[in-house]
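Hey, can you work out the whole structure from these sequences and the hints?
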Amino acid sequence: MSQKNRLAQGGRIDRNKALNFSFAGQHYKGYEGDTLASALLANGVDVVGRSFKYSRARGITGHGSEEPNGVVQLGTGDTTVPNVRATQQELYSGLVSNPVAGWPNVNFDLMSYLGKAGALMPPGFYYKTFMYPQKLWMTYEHFIRKAAGLGKAPTAPDPDTYDKFNQHCDVMVVGGGPAGLSAAYAAAKTGARVIIADEQSEMGGHLLTFDQPINGGSASLWLAEIVAELEAMENVKVLPKTTVMGYFDHNFLVAIERRTDHLGERAVSGTRQRSHRIRAKQVILAAGAQERPLVFANNDVPGVMLASSVATYIKRYAVVPGHDLIVSTANDSGYLAAIEWSKAGRHVVGIADSRTHSDGALVAEAKALGINVWFGHAVTEAKGGHRVYSASVAPINEQGDKVTGDVKQYDCDTVATSGGWSPVVHLSCHTGSRPTWSEEVIGFVPGKALQAQHCVGSILGDHQLVDCIDHGFDVGAKAASAAGFGQGEVLANKPSVERIAEGKAQALFLVPHKKPVSRAPKQFVDLQNDVTAAGIELATREGFESIEHVKRYTAMGFGTDQGKLGNVNGMAIAARSLSKSIEETGTTIFRPSYTPSTFGALAGRDAESLFDPERYTAMHQWHVENGALFEDVGQWKRPWYYPKPGETMQESLNRECLATRNSVGILDASTLGKIDIQGKDAREFLNRVYTNAWSKLAVGKCRYGLMLKEDGMIMDDGVTSCLADDHFILTTTTGGAANVLEWLELWHQTEWPELDVFMTSVTDHWSTMTISGPNARKVLAKVCDDIDLDKDAFKFMDWREGTIAGVKGRVFRISFTGELSYEINVPANDGLFVWEAVMAAGKEFDITPYGTETMHVLRAEKGFIIVGQDTDGSVTPYDMDMGWCVGKNKEFSFIGKRSFDRPDTKKAARKQYVGLKTKNPDEVLPEGAQAVWDPEQAIPMTMVGHVTSSYYSAVVGRSIALAVIKEGQSHKGDTVYFPLADGRVIEAEICDYVFYDPKGERQNV
Amino acid sequence: MLHLFCPYCQEHREEDEFHYRGQAHIVRPKDPDALSDKEWGDYLFFRKNPKGIHHEMWYHVSGCRRFFNVTRNTVTYDIYETYKIGEMPAVTDKEETE
Amino acid sequence: MSNSATFDFSARAKNTQGITRRETPLHHVTHKNVDEAGVRFCEASFYAHLTLRGNPENADFVAGVEKVLGTALPLTPLTSRACERCHVFWIGPDEWLILAANLSPGEIETSLRAELTGHFSVVDVSGGQTLMTLSGRAVQQVLQKSCGYDIEAEFPVGKVITTHFAKATVVLHHQVEGSYFMVVRRSFADYVWRWLVDASDEYGLSVSE
Ligand SMILES: [Zn+2]
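Protein chains in written order, with the numbering used here: chain A, 1 to 1005; chain B, 10001 to 10098; chain C, 20001 to 20209.
Because the hints were derived from the structure by calculation, they are not lab data. Take these hints with a grain of salt, some might be off.
[As the list claims (entries may be wrong)] 25 Å max Cα-Cα, derived SDA-like pairs, lysine to any residue:
id, chain 1, residue 1, chain 2, residue 2
1, B, K10048, A, G873
2, A, K29, A, L263
3, A, K241, C, E20057
4, A, K383, A, S518
5, B, K10030, A, T356
6, A, K448, B, T10071
7, A, K281, C, H20174
8, C, K20167, A, V633
9, A, K680, C, E20057
10, A, K189, A, W222
11, C, K20032, A, S609
12, A, K237, C, G20178
13, B, K10084, A, N739
14, A, K644, A, H856
15, C, K20167, A, R902
Predicted, not measured: the structure shown is a model, and the values here were computed from it.
So this is what it looks like as structure tokens:
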């Protein structure tokens, strides 16, 4: 098929660059400079989709982000994008597109033959479905999704790159029409940093369609000059193809730039989309206005279009989307479609103008071209299925609510309508500002500015080019001045533009039909969601009086177009039906995103391996080379276990555990948080933040401490060592390191600034390796000759300074396994070297590296808690049987102490820390399993606790578990039951939480 | 995303450099053990949830590591002032001062 | 007040030369020289890094530090000082970072402890962080991709900020026009490096020793 609707001349397209593309499997040609929509119209494609609910044929209606029907599935395979507006997608060679709606295809629709689908989904369908049994929703959802054509998400990862760019500017201008360009120019001239963004492929806005003389010359010439000048200025960033999708707190805006979407399905190189995160001192909204369609019977038939879109397709793309045009308008601007149509050499049947008269310049021009103008008339109904073939034109009264005479039929294939212009208030809504109704503008205008924000141009209802440019210059200078640039003085050389004579527009939202709304053919308000005037009236009759409720009841504005076309008409119809003014009923609020945004643009490079920092210890490479599997602990990658070839996980754990118990194991413990604390009040500070006493801890000694929140619940634990009388090193859990430092700083800075302490994180400075097991001392002796390792000279809970493998460091004799253990700390630059030296020294003892899983098993065998696993922020030291760790006689009432006396904390019936032995010794309880005393009781059962840790212990020779059970300490020997989701019930005996070496002798050897 | 002025760094920074730390000006009782359970419970659990002016604490965690106070409007997110720990706000809700 | 015993790592380095082996956080990175690269990267290995804490209103403390370091302590927020011996960065109202290429951390710590009195703290963090230098014609774009801070207008030569670089916290310093110091915690170094490689891809990246 040739481009039958393409004009031989004109337009901003390059006829030398023909592009092949396909839609719904058919192949077409277009030109560079086309959008997919303009190319489809050039080729005479009428039907581009099927409607959501009634499955009616739909064609292209608009030419920008407002388009409700021309929504396609773009591309194929991994790069396919659902819900792309054909009106915004630039054509590229080889573009493949398909309708998202329409099942099985757009021209033959199964549902419309199966019966009146609409009867299945009356207005309020969603509302009612959600209110009734949830089970039914599952049934409906399947049906709706299949029928609704919401597009397909790609099934494989997107191969393209998206990134983010942080921008800062003095003045951010949203919208590159005449007002925005003028504002940006005036602001830039003061030296202010300016960013101007426009969602279209080129700057210019309405000037791309309407070529009114500027400075006596062509508007496009002025446009080219001002854009070139802005682009050349160092303090200005001009961002076309960039949609400001959200306007957030404190003048923070997110704009998504489509960098390669116009080149092909896949970016050959570089970033496909870039999200600009803009912090602006001042914001100028020059987002323009959106033409409103008129609502009349069968106004959804392909061939019914916005008047400004018809003009745009002719002027910008040299496409006349039909042969015989009727215009229905309530203002002067609708005439432009007829004028351009006529100039393109095609037939204008006539202009039905709902007003009684107009002296506007466009009206005069249309008349001069010999076009029929019918004042006091409107198109009341279109006829056609896949394309309009005729329109009913009727006289209507001055109020626009009654047909007053005979209806005439006119043959035509296109109906262009204009009901007026709705300011694009979306971004100002994002800041929380509620739009206000303006009778003068006949539309909602931005409400009170809540941020450093200015508006200019048709967003305020100023449609005259002269006002847009004039005010643009003023507002640009004013905003720059507010940002600290210039005095806001008006530039002398403002362009001169003539004011055009304009007739007063009429407020017409619903064109009357000779039948009442409920009986007339469907009058569509929201084309994407198939919301009709009758549906809105039904909603109000059913008692929904708030506009927000009407919206939810009818789903008006719920689509991917966010009701850009239909909302104002819908609200006006609701207001009339409620006998209220539009001002009284108000409007719903728009929220980000202005147009749909890709997940890629939102994620940027924060994806896959860069999604979150992966923190490594100095020995990481060794772990990798020695076959470790890793576990995420916070952002750290910790060795989980080191499987040997052919081993199951349990076999690896058994081997690692037994090697440690019987000879020696080694653990990379570098991830433990370490905080250096110095100052004369360090001891006092520790006394206040830990449960136990620190006044007497001597230099060279270590002590385990519990940290509570003020509510008395365990928050963190670790070993603190005394380096000098005024110098300590405190360790924290791996996951708690940052929180603990913040916690300590909080207390120091806000409550006890008089205490002389300074805290510094040294987590990353020290590499920590724990050697544990009966042969640990022998291994250490081989790499360290300046510390007396004799068991009486270097006792359990001592620390010493010394040289390990030639590196100065600290050795702490502390144990988390219950075995003889030394924790070696060396500066991290030496960490890998020392680790390798220790491994070499341990070779004769078959030193075995073990990971976090074995560490968990070994400590569980000893009943040592892991904060965050066995505790969950709701247990006290007493619940965990750790009263021994509480210094009740300390002078200062340490953090959390007072809460021990709260009635809830001291009540008897609290959950207590216990051990569990399953009846079947090989059965390992799932962690998190809930305990009940009586498994035969009716559901819901009374739960009395849960499993916190559970493993198979090789050294004990059976499964072991730790749990918190209500009054568990007094139930030792009793049986509890764990009913599982799969129906099994596991029986276990409550026992002591120490399963191995109950006297704790092994760590003291 | 908020833009907060750190009174120690003396300039505005993006919100992601900060941690929110809740209501400001809560003083730990000097002698907790002398408090009744109700008094202690009030200190522990009860916080203001105003619609409007709120004095709250923030921590410049990815910055100077200092806690400071912010007077913020919980409806508009306007920030009226930021001030150091130990200082009192200049902007207060009328009811609060009465 | 804090005068506890500390280590002299330089002594270890001297005594055991050739026996021990040290690795920087980015020892695994391959160097490559790309002439047209828009971004130039270097890990400045084995600098001495020390965190100094003290009261800036204590004149003795301020004078003592200056005597040891050979440069005054930067007391204005977000400023830095440098001399032949070292760089000193303002980190917080009572916190500074000292960086030195040719001095051992032990030497600096020992001298400071010998000189200073009253409440202060000095902590060797040399193993816990690393210094990266970034330059090249596209370095600002890479920083704009990575930092929310206004690098373009609010970051003159000499300024130092602690901020986010992607999701890591870093200390960033505009050292000389178009050339930046970035101090990164050891465990985050590989993440920051991989981010940099990715962000520099469109401009070309040169990595020198
Ligand atoms: Zn700060």
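Hints, one by one, checked against the model:
With a C-alpha separation of about 23 Å, the suggested pairing of K10048 of chain B with G873 of chain A holds against the 25 Å cut-off. Proposed proximity of K29 of chain A and L263 of chain A is supported: the alpha carbons are some 16 Å apart, at most 25 Å. Only pairs whose Cα atoms come within 25 Å are accepted, and K241 of chain A paired with E20057 of chain C is rejected, the gap being roughly 54 Å. The straight-line distance between the Cα atoms of K383 of chain A and S518 of chain A is roughly 18 Å, inside the 25 Å bound, and the hint therefore holds.
This hinted pair does not check out: K10030 of chain B and T356 of chain A have alpha carbons roughly 81 Å apart, beyond 25 Å. A hinted pair counts as satisfied when its Cα atoms are at most 25 Å apart, and K448 of chain A with T10071 of chain B qualifies at roughly 22 Å. Among the hinted pairs, K281 of chain A with H20174 of chain C is consistent with the structure: their alpha-carbon atoms are about 24 Å apart, no more than 25 Å. Under the criterion of a C-alpha separation no larger than 25 Å, the hint pairing K20167 of chain C with V633 of chain A is consistent with the structure, at around 17 Å.
Only pairs whose Cα atoms come within 25 Å are accepted, and K680 of chain A paired with E20057 of chain C is accepted, the gap being roughly 19 Å. Pair hint K189 of chain A plus W222 of chain A holds up; C-alpha atoms about 17 Å apart against a cutoff of 25 Å. Between K20032 of chain C and S609 of chain A, the direct Cα distance comes to roughly 23 Å. Compliance with the 25 Å bound is thereby established for this hinted pair. Straight-line distance between C-alpha atoms of K237 of chain A and G20178 of chain C comes to about 21 Å, which keeps the hinted pair within the 25 Å bound.
At roughly 21 Å between alpha-carbon atoms, K10084 of chain B and N739 of chain A fall within 25 Å of each other, so this suggested pair holds. Taken as a hint, the K644 of chain A and H856 of chain A pair is honoured in the structure, with Cα atoms around 20 Å apart against an allowance of 25 Å. Annotation: proposed proximity of K20167 of chain C to R902 of chain A is violated, straight-line Cα distance about 41 Å (limit 25 Å).
Checked against the numbered hints above, the structure breaks hints 3, 5 and 15 and satisfies the rest.
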